[in-house]
Amino acid sequence: MQNNTDTQPQQHPISLYFKVWGLLFVLSSFSYLVDYMQYQGLLRWTLILVFMFLKAGLIVAVFMHMVWERIAFTLAILSPPLCILVLIALMASEASYTNLNRLIFFG
Amino acid sequence: MDNTTQPTTSGMTGLIEDWVSDKDAFKNVSWGKTMMWIFLLSDTFIFSCFLVGYMSVRMTTDVPWPNASEVFALTIAGEHIPLILIAIMTFVLITSSGTMAMAVNCGYRRQRKQAAVLMLVTAVFGVCFVGMQAFEWTKLIEEGVRPWGNPMGAPQFGAAFFMITGFHGFHVSIGVIYLTVVALKVLRGDYEERGYEIVEITGLYWHFVDLVWVFIFAFFYLW
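Chains as they are written, first to last, in my numbering: chain A, 341 to 447; chain B, 14 to 236.
No lab work stands behind these hints, which were simulated from the structure alone.
Don't take every hint at face value.
Label pairs and their computed distance ranges (CB to CB) [what the hints assert, rightly or not]: (1) B/Leu197 <-> A/Gln378: 42 to 48 angstroms; (2) A/Phe393 <-> B/Met25: 46 to 52 angstroms; (3) B/Asp31 <-> A/Ala396: 36 to 42 angstroms; (4) A/Leu363 <-> B/Thr88: 51 to 57 angstroms; (5) A/Gln380 <-> B/Gly91: 23 to 29 angstroms; (6) A/Arg410 <-> B/Phe104: 32 to 38 angstroms; (7) A/Leu363 <-> B/Ala147: 28 to 34 angstroms; (8) A/Tyr437 <-> B/Val137: 44 to 50 angstroms; (9) B/Phe148 <-> A/Arg410: 41 to 47 angstroms; (10) B/Gly208 <-> A/Leu425: 37 to 43 angstroms; (11) A/Phe393 <-> B/Ile29: 44 to 50 angstroms.
Don't be surprised by glycine CBs; every beta carbon is placed ideally from N, CA and C.
Only chain B is shown next, with the shape it has when bound in the complex:
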């Protein structure tokens, strides 16, 4: 090792020199994007803890778990369709992910009006999703589902349901606000000089919300 290249300054000056020494490991990735990814990584762990907790209570209980297929069934035009509301919510969220991807693309093409409109469309789909979730919560609460018990089976069902879907719905709501704020700033032309990477960063958050739903749909509703 050649020690002459090692930093020699000590004390506060050394601290500052070390932190500003420009040793970025992630080439061509801006700080904004890196930080969003790291935030999403931490969020992954939070959702994982919820889902693992749900797995634990579902495995430990000796009371049969409520059949999600029946609990979330709806009767539409006289037809009894299992899990239909959740299927529609899934498609709404995937559609919103598609419009978000288009918005990112438009942003990089510097078509700022199209990007902003597509982001607002994404936000509208998000509102639809939260609306359907509110409907679903209302329906289940009317049927007597509570965090401490329910008439369909294992009492832990309510706790897991409200915690997991509630936290996800909260993420969607925050995403709608975030998208709207950024879309309006894009429309106003705030990013003409800095470029439109902000659209991609916002998109990362939105796609993550969709990604989490993929796991919730699989483990909570289908399993």
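Only chain A is shown next, with the shape it has when bound in the complex:
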């Protein structure tokens, strides 16, 4: 791998991009197969999330060159989105409360 302190523009073997490209194709096919095979419930959600994070990770790490950036930069960009987890938790608890009320009073 390239030395991070190198000031030269990043040069990576083109074969690496082809491998990642191929992997993204395979992972997308797997995602589609989850639906095509009609997996349901916990298995479906787990598979969807696993393939989603693998694809997102590959795009950010290799295509967007994040693995070759310095840690100061990577953390500055990749850690703030973790706040979204808090929003998800808050909204999920609020939503299930609303849903419960709807079921009790309108269901």
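Let chain A serve as the given structure and place chain B on it in line with the hints.
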């Protein structure tokens, strides 16, 4: 603490001195690239808000959510294939990300013609994607899907669908324009002296559009 190294000038001169004191935290990352990343970070929050909003309405409704697998099915040559249009759109976008990565690579190798051509190919894939999205919107509108209701189930489906895919499609369209402009400038040789980091910065935007689609595909179409 050694106070002699602290800035002493006050007033406007001090303000200027503070801002130009050359304390960059991100070594070897140009301002253009940093700013693009910060823009993408803010965009991440916008898309997250849309997806979290979609999660909320889907969780709160007591009407069954329309089955995306069936809503987005197409009948091709007599075969009924679930979700096929979305699968094709996904592959088109991934292909365009691949050509974009190649363009960045060519740019840094200073092969400006190849870089420009690859960027234009990427833009063409982007146009294909938006075209298929227009087809999908037309199909759903003809079937009676509206932001306030639809014949398949929970009325919030239309609002979430048009908002999320519409905003993403808008990003793709802007990306196509951005790519075309930069590709033509690359082809003309505008960056021969400054170097081809601009191709990488444009690429960051394009890959981000693909990245957002990964999440939309997972949460909206597959979930």
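Exercise. Which numbered hints are broken by the structure, listed smallest first?
Worked result: 4
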